[in-house]
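Engineer: Here is how the chains run, residue by residue.
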Amino acid sequence: MSIAWNAFTPASALIGGAIIGTAAALFAVLNGRIAGISGILGGLMRPQTGDISWRIAFVAGLVAAPLAWGLLAALPEIRVDASYPALAAAGVLVGVGTRYGGGCTSGHGVCGVSRASPRSIAATLAFMAAGSATVYVARHLIAP
Amino acid sequence: MYTAASFAAGLIFGLGLLVAGMANPAKVLGFLDLAGAWDPSLALVMAGAIAVGAGAFALMKKWTRTLLGAPVLLPGPRRIDRKLILGSLVFGVGWGLAGICPGPALVLAGAGSAKGLVFLAAMIAGNGAFEFFEKKKGVAPGPARMRSP
Chain A
570 MSIAWNAFTP ASALIGGAII GTAAALFAVL NGRIAGISGI LGGLMRPQTG
620 DISWRIAFVA GLVAAPLAWG LLAALPEIRV DASYPALAAA GVLVGVGTRY
670 GGGCTSGHGV CGVSRASPRS IAATLAFMAA GSATVYVARH LIAP
Chain B
53 MYTAASFAAG LIFGLGLLVA GMANPAKVLG FLDLAGAWDP SLALVMAGAI
103 AVGAGAFALM KKWTRTLLGA PVLLPGPRRI DRKLILGSLV FGVGWGLAGI
153 CPGPALVLAG AGSAKGLVFL AAMIAGNGAF EFFEKKKGVA PGPARMRSP
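Here the protein sequences come in this chain order: A and B. So the first sequence is numbered by my numbering: it starts at 570 and just counts up by one. So the second sequence is numbered by my numbering: it starts at 53 and just counts up by one.
Any given hint might turn out to be false.
To be verified - List time: in silico EDC-like cross-link candidates among lysine to aspartate or glutamate, alpha-carbon distance up to 16 Å:
hint	chain 1	residue 1	chain 2	residue 2
1	B	167	A	620
2	B	114	B	183
3	B	167	A	650
4	B	135	B	186
Said to hold, decoys possible - On the chain A side, residues computed to face chain B include the following (Cβ under 10 Å):
hint	residue
5	582
6	589
7	697
By construction, these hints were calculated from the structure, which means they are not laboratory data. Where a beta carbon is used, it is the ideal one built from N, C-alpha and C, also for glycine.
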């Protein structure tokens, strides 16, 4: 392992992380729910009366974030290296996996770990391990 | 009020993802690439988010109602089962292929990224597949059991 010091952005990472944590905290103390994006989105697949508008509002907030940012400043770098077929496959895996796993980086990784939930800690270790293993195979075994 | 708070939380969450670099798939993959030139930034994103989140969840530990008077609907303790681990592993493989997880997928869509939109559409299709298989099994997936007042 070698650390890419030129790519390391500790200040923006910590500040951005704190902003994400603030959003999750606000959502919990105001709405009493976990800011778990896969679950919020997934609940819209089986819409139930009275359980729809807050989900749509949260999703709309996320989609609006880059638009709001774009009004004031240029968006930060967004680089997607994966090919379209890889993105389609990845999307399906993320869509299925997060639902069976009951959460993603936000629900388990941020909220669950914040609550010291053993389930979320186990899930976070599992998806981090699988993610690193996948990158290892893709970058160092298949296309070194 | 409830819906407005939800929108605000989503918006702030998305801005946080942009500031943190989580909305840049190349940076996410740099974090997952332990064997290459490793970018540890996202570990600090997690640390920053968890530091703030842990404070809030500790504060509201005994609450039954939120500041807006809504019921506290946080998941109660449940077992670590095969579904949790296998599902998370499958999610991790997809995350490692693209460098995109559900939150950033929505931010990328809002940023007008064609690749982000393809990922998002596939993710929603994956959600649909989950609903289909669960319905076929005859078990209503239902929301997680809640610690309800």
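Engineer: So which of those numbered hints doesn't the model satisfy?
Structural biologist: 1 and 2
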